[in-house]
Structures are given as structure tokens and as C-alpha cells.
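Protein chains: 2
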Amino acid sequence: MGKLEEYFLKAYEVAESGRGKTSPNPFAGALIVKDNAIVGRGHTQSWGNDHAEIQAIKAAGKEAAGATMYVTLEPCCFQGRTPACTEAIINAGISRVVIGIIDPNPRVNGKGISALEEAGIEVKHGYMEKEIRQQLEYYLTWIEKQRPFVILKTAMTLDGFIAGADGNSKWITGAEARKRVHGLRQEVDAIITGIGTILADDPQLNCRLEGNESQPLRIIIDRDLRIPNESRIVTSAKSQKTIVFCSEGCEPQKMEQLQKAGIQLEVREREAISPQTILSYLYELHLNCVIVEAGNRLSSAFIRADMVDKYFIFIAPSLLGNGLKAFSLTENDNLSQRKKLRFDTIQYYGDDCLVIAYPQR
Amino acid sequence: MGKLEEYFLKAYEVAESGRGKTSPNPFAGALIVKDNAIVGRGHTQSWGNDHAEIQAIKAAGKEAAGATMYVTLEPCCFQGRTPACTEAIINAGISRVVIGIIDPNPRVNGKGISALEEAGIEVKHGYMEKEIRQQLEYYLTWIEKQRPFVILKTAMTLDGFIAGADGNSKWITGAEARKRVHGLRQEVDAIITGIGTILADDPQLNCRLEGNESQPLRIIIDRDLRIPNESRIVTSAKSQKTIVFCSEGCEPQKMEQLQKAGIQLEVREREAISPQTILSYLYELHLNCVIVEAGNRLSSAFIRADMVDKYFIFIAPSLLGNGLKAFSLTENDNLSQRKKLRFDTIQYYGDDCLVIAYPQR
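Chains as they are written, first to last, in our numbering: chain B, 121 to 481; chain G, 121 to 481.
The list cannot tell twin chains apart, which means a pair is met if one copy fits it or any two copies do.
Below 25 Å or equal to it, Euclidean Cα-Cα: the simulated PhoX-like pairs (lysine-lysine) are:
{"#": "1", "residue 1": "K460", "residue 2": "K299"}
{"#": "2", "residue 1": "K182", "residue 2": "K154"}
{"#": "3", "residue 1": "K250", "residue 2": "K265"}
{"#": "4", "residue 1": "K290", "residue 2": "K460"}
{"#": "5", "residue 1": "K358", "residue 2": "K374"}
{"#": "6", "residue 1": "K265", "residue 2": "K231"}
{"#": "7", "residue 1": "K178", "residue 2": "K123"}
{"#": "8", "residue 1": "K244", "residue 2": "K178"}
Hint data in this document are derived by calculation from the structure and do not stem from the laboratory.
Between the sequences and the hints, there should be enough to build the whole structure, so can you do that?
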């Protein structure tokens, strides 16, 4: 590995510190190197605060002049909540910038590079592209597909059951796997579930990790407003924002009760409540990433609509041989119709394992 | 790690070379060390040939006198197809023997240690017991439970389907996973399957690895003798031993045709054809280890009877959402009735992964 690759890998690693804190902005990492010494590093701060480049320039101080900056994502070139990074780079006297990937945001998309070059800075780009595209998969999907990145999470037995024939699904997996789910909830912007899960499990759908700072938005699909007023979702709606999608024609009194409890109702035609419409709505809310934590029916609807970008499947070391399957795709009557995935990683969490997979597209 | 542990680990590793070649004998590994130098090593040879100790003593020659032997399994002390190893150790002048586990075979079971001690040799035992018990799990189960060790192998989608709703199950997993199955077939003594699998897939149930020397016995459960005379099992029965379990009262002409083709028929009362009776029969044939490669019905019968000792579950990176489940345990209507397993290892084979698990007993 050459020096450039070594510094670049460091910038990529530094970026990780911003994960989950910058939505809807991407999280980048920047390193400033002068005379073979790292003189500054930075990662994107929470929304509205410093970008990675600014942090690194502040850390480098006067050393930035004549130095090289390594940055995972093309610097922004417009004044948003923060000043344009390209300006700061030019003003700091950086003489060379090595960029990972171009920012596909139409307001940047190569214009950041042009601005730097016009100022006489030497710019190279195209490093660790595959890794950075995966690192920024939430943001890139949001920009490129104009919808949030969708993670589907489920927990099942080794033979694919998420609940017994009696419907009970509690604690298929152990404490460490559940803790991992809370970590994931900390990272995403919203959790989507269906009324079936609410009625079966009465979940809280929050992140219960120590030190967690903000809770994900909760989205419930409940066409007929069957959600009990005493459910934990409703009773906690004033402290964690909750949107319920329901059909036209629900009982006005029930609607009023829920709204009083702090629930935001989104009323749609029954057929218009689909993965596509929900995701379009969430895109407009600037949500980069959502997690579907639902039962067989809603999960299957997202799979069928090809709206799952990443699978988190926790597998418990057990066989049930009977019960509620994770997914139903009854239109598939032979193997050639299977949805092909690609295993990304498989890790142990206590006695369970977590299979992370991507759809093959 | 001390010197003793280091040598012991080597003996354990040397033993692996005997895997799959020594049935029904266990495969052991032996190391002879003198003045901190390894002067001989050996592993159990094919049945009727040298045991590990003899190989190591031959390799050490005169150096064996006054040396220490490290051996994974208690040396045998009876004249079988080969002379007693204890005799050879005493005659070689070995002064110290470090043993992994005691051989539970009633003809040994501590008597090997006594014989060495009576000859004035210093003996220690109880090293790497957990690892060696797993290494020799086929043999130890055969001795201790008086039945072969049972491996259940299946290949399924990530959501637990082994075939489409149309019954087709070919090539759920890829070439590397299938090659691993052939490696497993090389290691076991017999393959058990049901008539359903024969009719659906017309499999050969042999090991097609280059350099393979012997084929496993094939056991087919086919109560009504529905196996086609032109099936690959029947047409190859003269070159690979095949036993078909069938019920009383099958058509005599069909029975004769199969016998002429080289099939050995085992006729039983219909109800007496069970995992238990089949395994008892195979125990009497001195088979240490069998693999069940069957469909939902026969696999489930073995699970239900608690007769599965190890699971090899290949998981393809795909979701089907519909079709034939791997197992049916319809008596389980809630999660508390699940069969608990323990993941041993999870490995990639090409795009697929292999989950190796043990039942929790």
C-alpha cells in the first residue's frame, strides 16, 4: 500500500465517526497531510455544524497551507447551513486535494472539483469508490433513487420461522442480537412497521442504548386504525414522533384520540398505502434511511416491490419446523423465481448470528 | 503455550490426516519427542494397518528409547487386526506417554494406561479433551451410544425452503457447496435417503471427488419399493453397495429385479422402519458415521427422534417465500417447543454459506 492509499484509508476510517449523526447529510472523513505528517483530521459533525473538511482545516491551522487534503466525498461548493467547503479549502491554501467519490447531489456533482481546479488546486479523484459507496449507501440511495435506503430486519429460526403457529414471536434471538438492533435503530431515521406487529408484540420501537441522543421516527401502517390507545406506541407518541398511515373513512373519534395523544395521521386512499408511496413521503421529509421491522405481510410487500436495499437477518440456533414464515411470496412457485441476494457479512451475536445481505440487482 | 501443549497440539493436527480412512477404528495422532526434538510422528492408517503409535515408533527407530510419546487417544492394549500398541510402546523403550482422552471402548477404557504404568512408564492423560472428543465424535458416539453418528445435511434458501412449490430442488446452492458435500460423503460410511428424494432428483449419492478411494454405503428408505429400475441408484448398485429398507408384502417380482441389479433388500414390518431401527442395523455393520441427505419427511423423522448429532445446513443467498420447507415438526405450535441448537462454525462456500450446528442436549 502506497502512502496515498494509506492516508486515504485513514480518511475513510475517520468518516465512520460521523455515522448516524449527520442525516440527511452524508458523513465524510478528511485528512490533511504535510511533509508526510498528518496535521489535521475531521469528520462531518451533526447537521448544521462543520463538515469534515472544515474540522480538518481547523485542526491543521497554519499547517494547511501547501498541504494535501484526503477526503472521502467531493467537497461541497454551495452555501447551505454551513459555508462552502471549497471556499474554506482555497482560503486555507491547500495545494492538492485527493477525493474518493463525486457527490451526486445535483448542487455539487463535479462542481466542487471544478471550483478547486479553477483556484489552481491539483485535484485527483476515484479512490476506494466501492467502499465509500457502501459507507454512504443511505445518502447515495436517497440522492440517486429519490427515496430513503431501506433496511429490512427480521429475526428467525434457522429454518425460517419468525413466530410459532400460535403467533408468539417474543425473544427468538438473545440479548446481544437485540442490542445490535438498538444500534441499528440509532443509525437510521425511521422505523416502519405494521399494525400486526403492534397488536402481537406491543413494541416500543425506540433505541434503548445508553447515551442515545435522538429517537427514530416511527411509521405505522394501520389502514383501519386498530392501534390500541393504550399501546406503548400511542402512550409514548408525545416523546417520540409517530406517524400512522390510515385509510380514508376511519372513525373520526378514534382519529381525534390518536391525534390528541400526539400521533400524526396521514390519511390516504386504501390502495395508495404502499411501500412506494410511504417511501416517497419519507423522501420528502429528507429521511436517508429507514428500517422495516415488521411481520410477514409488510416485509413481503417491501420485498415484492423491490424496495429492500439491505437485509439484516438474525438467525437463532434453533429449528421450529412449523409456524409463521418470515416472508410469503406465494407468486413464486419455482426456484427460478427466487429473489437472489449476496451475503455481505455473517457475524455472531451471542448464540445467534446476523446475516447481512444485499439484493442482487 | 508450554512445550507439552505445543507437542500435544501437533499430535492432534497429525491425527487429522487419518480422518475418513480408518472407520470403524478411531483416527489418532502420535508424536515422539526426545531432547526437545520431534523424532517420530504417525497417524492411524486404514483399517487393519498401523495405528498412530506404531507409525510414530517406526519413524523414531532407536530414538524412541527414553523418549516421550504424545498421543491423542489411549493406546490399545489388545491384539486385534494389529498388535497391541501398549506392547509396541513398552518394547520401544518409551519412558513417558502423554494421552489426550481415555478410549471408552470396553476393551481399552483405562486398561491401556494400566498396562503402560505396570511396565514402569510414566503416564499422564486429559489434554485437549474437548477438541479430541469433537475430532473423534463419530467413533465416540458409535461406542458410547451404540449407533452411528448422524449428520443431517440440507441445502436451503435463506428463508428455509429446500424446493419450490413445484417440487423442484435442483441446484439451490452452487458448485463449491456441492463439492463440500462430496468431501463429506468421502468422510462418512453411509448415506441415508428416502424414496421421495430418489423420485424427485434421481441422485447418485456417491463421492465424485478426484482421488476418492471408496464409496459410502447407500441406504434407501422405500417401504413400497417405488424405486425405478432405471434410476441411477439401481443401475449403479453393482458398483456401490446399496441397501433398500422396504415393508413386508412388496411385489416379489420387483424384489427380484432389484436383487438382480445388486440391491440388498432389508424387509421389515412397516412400522419397524424408523430412524432407531435403521441406526441399530447400521451399528451392527460397524458404521461409525452416516449422513442423512433427504427431503422434509425423512429429515424431520430423524430430528423428531433426536437422532441427529450434527447439522450441515447450506444456505443459499436467496429468498423464495413459498415452497417446500426444510423440516416439518407440526407438533410444535409454539416457540418454546423449538429444537435448540448451537452454532459450531459458519463458513462461506462460493456465494453460499454452510452453517454447522450441534443439537443442545
